[in-house]
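A.B. asks: Sequence:
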Amino acid sequence: MNKDFLLFESELRNAFASADAQQGFVDALAGRLRTNSATAKSAHRPNMRLRPSWVVILSVIALLIASILFIGPDKVYAEFLKLLGYIPGIGIVDQAQSVRVLSEPVRVTRDGVVLSVNQALLTSSGTQIEYGVSGVPLSAYPRQEAIAGCMDQEYILLPDGTRISSHDPIPLDVDSVTFVVPCIFNTLPDTVPTDWRIPLTFIPLPSDTTVFPVQELTSSPMPSALATQEPISQTSAPFEFDKVVTTEDGYILIGWFRSHLAENQQLQVSGVQYLDSNKNVVRIDYPQDIDLSSSGMPLGMGDSIWAIQFKTSDVAFPLTIRYTGKIFTRVETAPLEFEFDAGLDPKPGQEWTINHDFTVAGSTFRLVSIRATDSGYSFQFESEPELEGVDIQVEGYQPVGGGGGPQTRSLDFETIPTGKLKLIFSNFYQFTKNETWEGTWQPDPLPALQPTSSSTSSTCVDVHNYAALPSLPDGLDGWMLLTQLDPERSLILQSMDGKEIKLAIPQTGRGSMSPDGTQIAYPDETGTVIVDIATGKTFTLPGSGGIDWSPDGKFIATVNTTAGYGIFLNALDGSSTRQLTNLGYEAIAGWSPDSSTLYYAIPDAGGKGFMLRAMDIKTGRSRDLFVLENSSGKGPFAAVSPDGAWVAYRAKDNSSLYLKGMDGSPARLLLDRPATAISGIVWEKDSHLIGVSLITPETSDGEIILVQFENCETYKLTGLHGELDGIYIP
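For the sequence shown, the positions run 44 to 773 when my numbering is used.
By construction, these hints were calculated from the structure, which means they are not laboratory data. Here the structure is a predicted model, which is why all the values come from computation and not from measurement. Treat each hint with caution, since some may be false.
[What the hints assert, rightly or not] Taking CB as the label site, the calculated pair distances span:
#1 F383 / M344: 29 to 35 Å
#2 L519 / A547: 19 to 25 Å
#3 S313 / R666: 42 to 48 Å
#4 E741 / R666: 42 to 48 Å
#5 A547 / P513: 43 to 49 Å
#6 T451 / S538: 34 to 40 Å
[Claimed, not checked] DSSO-like cross-link-like pairs, simulated, lysine-lysine; straight-line CA separation at most 30 Å:
#7 K759 / K695
#8 K354 / K322
#9 K651 / K677
#10 K542 / K759
Where is the CB? At the ideal position from N, CA and C, for every residue including glycine.
My request is simple: use the sequences and hints to build the entire structure.
C.D. replies: Laid out in structure tokens, this is it:
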């Protein structure tokens, strides 16, 4: 007999033996049985006979139900939950089932495109296969929402040729299959390889696998065969804590947020905070291996399910979760109409200034402008008080896609509407009030470990010592290139003490400073503008994104994210422009000291971070160096030191910084989440100081620090704010 079943049976027997039925339950049950018996005597019963096999089955079911009722459904459910465990990287599994995993990751490369099957989880109820793709150029994807790429689903081929869904259970006697990916999702025909066939081998879950217990927190009893006499009351608490996993250094907490909105209301969440009893912000991670879609709990308007992970050492319990948001209430009003003439041949980028006002339940709704796009139109509007949820239709035309934000909407069509068009506005929700919701949780029993500084000998700055960092002392002269965010995006060259601004360029993107500190490059509509700091003279080169100077000052590398995707190399004298790559999402990380090698990072198919690549600019050949482990999925801001010895990059949590040797040695945690997020990482030319711009709860437009990584000497540049783009110290 199956060992797991025997263990489960033993658990149930222990549960059965340890509880007596409560007298109130017995009395209520007896009353119901008497009532049911009296009713049953007067009912006509047809003459039916069951087969012996059905008699046995129903007897077992009846015995099971009776046993559950006898010991209490809550306790049976609790015993069942003891079989659930959390496996890092895999998620929550039922340990009573046979669990199999991938024997090892499988990585296949075709024409520069990498497909990596990283994990698999096989149980008797289903299969989960996790894979990643990298190296697909942006040109392989549709540029318009009206055009769809390949949507064919993955599937599994068993050894006998049987085809099953990639989510179906795989028979226990099958250890090897072929995982088939017909196409890379949403890619256009004839752009990247198709018909990927990946051989996979599975093994039982290794006995030394770390499995953390899952504890149920909410009351979730198994369904009872007898209805309760009293209605179940609905709680008005905004937070429900469902499960908790105790890990090696902290907890994973799973729960629901319930806003309890009326049917005619909507919620716009504007902020989420996690605070401990000392009102300190708790550093939170969001585990990606927790499957929240299988919770089975109904969600109402504005509700959400969440999972958070944190360290015990970071929290003085209880933990407080605070949501803030805006509530909007539906306005009962007739649709609004507006006509405008788009002409017979509207061009992408063409814009009409409208500034037409409507009145909606006392609010002023202004249609500010309409702009033609490649496949439709975008609409900008304003409202006071604020309106949300606005639907826009073009009468007589069915959109195939669209989007928008708080004050914008866009519509895409197979064929762009032309001529005189009637716009219909409906579904208005009016701002009602700001609201705050809070919930608190703490483990039982409380852990003995109290919050302490998590800094080690290798970590220079964390949340505990950041506030006490000293200001930059007098005597260190130099300049910082910053992108200021408030009140508008502008590029400035400012002294380190903040007292002097040498150059200011309004309404531009992020820039870059030449190695000798004499020139600045920044993007505009025409390309990359080069400005001489001393004279103010400018000239323009092609390309306009991800600007990075070669150490010898002869070249600028840029990244094109539109037509003509990839990294382009421009000679400063204007003599040449070369395309080096073709992806369109490369992140330039720096150069080798001799200017012969360009470093850049792209997302890796293995799912562990960005891959750092090195390209010989003469031959155009790239090679993979190593994965920037635990790097940010949004963008690691990787920066190779001028001496070529180190690479600094933003961590997965977007607020920590790692320093890794270019020889591939393990990364060192240099900054351990001292702020909300990191927005820029720049080296000074001697490779001793790292400048970092940080977004903090107190300063959303950015604070600047300088870190001497060898001895952890760190200073705040209190007179500077913005995103850091460059450093020059004479």
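A.B. asks: If a hint holds in the structure, say so; if it doesn't, say that too.
C.D. replies: Hints, one by one, checked against the model:
1. F383 / M344: 29 to 35 Å: holds, 34 Å
2. L519 / A547: 19 to 25 Å: Distance hint for L519, A547 holds at roughly 23 Å.
3. S313 / R666: 42 to 48 Å: Because 45 Å falls inside the window, the suggested range holds.
4. E741 / R666: 42 to 48 Å: Given a distance of about 43 Å, which is inside 42 to 48 Å, the answer is holds.
5. A547 / P513: 43 to 49 Å: violated, 28 Å
6. T451 / S538: 34 to 40 Å: Roughly 39 Å apart at Cβ, these two residues keep to the hinted range, so it holds.
7. K759 / K695: Holds - the C-alpha atoms of K695 and K759 are around 24 Å apart, at most 30 Å.
8. K354 / K322: Holds, at about 16 Å.
9. K651 / K677: Holds. K651 to K677 sits at ~13 Å (cutoff 30 Å).
10. K542 / K759: holds, 15 Å
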